[in-house]
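**Student:** Given next are the chains, with one letter for each unit.
There are 2 protein chains.
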Amino acid sequence: MGTTQLESVPEPKYWHLKTVLTEALDSEFSVGEILPNERDLAARFGVARATLRQALEQLELEGRLQRRRGVGTTVAPPRMGVSVGSEQHAWPGGPDDAWHAVDCRLEVPPAALAEPLVTGSDEAVHVVRRSRVSRGQPVASELLYVPAASVPDLSGIDAPSGAARARAVLRELQHLELERQENAVELGSAGAAEARELDRLPGAPVLVVTTRYIARGRAAALSVATYRADTCRLTFGDSGGVEIHHGPERQAS
Amino acid sequence: MGTTQLESVPEPKYWHLKTVLTEALDSEFSVGEILPNERDLAARFGVARATLRQALEQLELEGRLQRRRGVGTTVAPPRMGVSVGSEQHAWPGGPDDAWHAVDCRLEVPPAALAEPLVTGSDEAVHVVRRSRVSRGQPVASELLYVPAASVPDLSGIDAPSGAARARAVLRELQHLELERQENAVELGSAGAAEARELDRLPGAPVLVVTTRYIARGRAAALSVATYRADTCRLTFGDSGGVEIHHGPERQAS
DNA sequence: AAGTGGTCTAGACCACATG
DNA sequence: ATGTGGTCTAGACCACTTT
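Protein chains in written order, with the working numbering: chain G, 1 to 253; chain F, 1 to 253.
Source of the hints: derived by calculation from the structure; they are not laboratory data. Among the hints, a few may not be true.
[Claimed, not checked] Just some of the chain G residues that point at chain F, by a computed CB distance under 8 Å:
no., residue
1, Gln-58
2, Leu-61
3, Ser-131
4, Gly-188
Cβ coordinates follow ideal geometry from the N, Cα and C atoms, glycine included.
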């Protein structure tokens with residue numbers, strides 16, 4: 001024959017690059033190790049920097065690489081499993097929940113949330129801001145919308161805002177009997193605020209977990225939590241979750 | 001004073017573009033409507049095509065747009081909620097599950113899955129391929145790994161492969177008593193095979209749902225399901241899920 | 001054949017972190 | 001000051017769908 005009649009559908013360069021890099025990561029690199037810079041890598045592979053970046057972007061999306069402006073590109077550790085929507089339903093802020101309250105303000109929620117909250121469109125609700133840290137790294141940022149009707153006894157609390165008030169709202173929530181909770185996960189991108197909180201650039205991919213807490217047949221609270229998609233694997237249902245390993249990938253010295 | 005001393009941190013053009021486009025989508029466009037082509041849009045906004053594309057990519061990632069090569073860019077409908085990990089644990093292939101079996105082969109699973117499956121590294125297992133369609137659109141593709149030990153009575157089945165054998169394997173699974181299941185969700189990108197199955201380009205963002213089915217204290221099956229991240233919102237726990245609406249967005253005529 | 005989005009290039013400049 | 005990744009440009013060509 002002579003010519004190998006394959007390549008009738010030549011795969012894009014960045015795709016091939018990604019494959020090569022993935023194999024290199026699996027076999028020749030250690031977690032935490034820094035890669036050559038983009039200009040050198042591009043030259044080494046004989047492609048334009050933009051093409052190389054296309055491959056690196058995908059690898060970062062898959063949690064294999066971590067890139068930081070001004071610093072460099074490093075090999076990322078395996079994603080950490082973070083548990084969401086535990087089997088035994090529980091209010092946020094209860095014992096053994098991984099969050100810590102940051103702030104609380106009284107605000108009118110975005111129009112997009114009016115329906116699931118069952119509040120009037122212009123009705124102000126308590127907005128509790130919480131953050132979640134795992135292994136010393138911020139992994140999620142949450143906005144918890146609590147209609148005033150869900151925490152009727154919120155009096156005698158002098159703090160009009162701040163972490164103290166946030167904890168007070170969460171404490172009052174526990175008094176309600178939780179019927180059930182509804183969860184949803186979808187892909188999103190970090191807004192300016194979440195990006196700062198998660199130590200990422202705006203637009204970074206995030207997993208958005210929306211939880212509706214139902215009590216007495218009504219939505220007593222609505223949580224919108226954004227998790228770093230590059231570093232997190234969300235586990236739910238029963239304990240733990242499944243560990244997936246890439247390759248040899250030793251620990252960097 | 002004079003100059004508005006803001007813009008000390010000027011936001012990137014593509015970010016601003018994304019904001020403008022989002023507002024336009026919310027107020028001036030209908031679901032299914034086609035946008036002007038990229039060259040025209042770029043010219044209209046006075047930016048390079050690559051910059052415009054950066055904005056469009058993010059909007060597609062967020063499920064607001066749908067782009068198809070050779071066709072154009074259209075306004076995407078709201079994401080559809082697809083239920084995963086139903087509350088009442090059940091084996092795959094049971095009554096009222098949304099999947100349909102496609103194929104089944106006997107293969108050695110990728111090394112990365114050996115540990116969660118608890119099989120020997122070189123042990124072949126049944127690999128059932130299933131696909132899931134919702135509203136006439138493919139939304140997910142699954143590989144279900146079933147160790148031979150989990151389906152001991154798989155004899156008298158003459159079909160060595162194909163959909164018939166796949167259904168047989170699933171049927172045999174029901175005989176085991178399911179202890180519990182462990183779920184995890186993470187972000188990934190479609191490989192060549194999944195991309196074809198999901199009607200997307202390779203590298204498209206997907207939500208990977210890994211489920212480990214536990215019976216008699218051992219992993220009796222392992223499912224790796226990849227969902228289209230652009231069109232799907234995964235719901236779990238109790239029924240339904242939370243509906244989020246963007247804006248007016250009328251239905252296209 | 002025409003029109004669309006997808007890939008690729010070779011540059012330039014900017015924002016950020018570090019020495 | 002230097003080096004990194006992030007943004008942006010103005011072009012070119014390719015793969016695909018539709019007419």
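**Student:** Hints first: check each against the structure and report whether it holds.
**Tutor:** Consistency of the hints with the structure:
{"no.": "1", "hint": "Gln-58", "verdict": "holds (6 Å)"}
{"no.": "2", "hint": "Leu-61", "verdict": "holds (6 Å)"}
{"no.": "3", "hint": "Ser-131", "verdict": "violated (20 Å)"}
{"no.": "4", "hint": "Gly-188", "verdict": "holds (6 Å)"}
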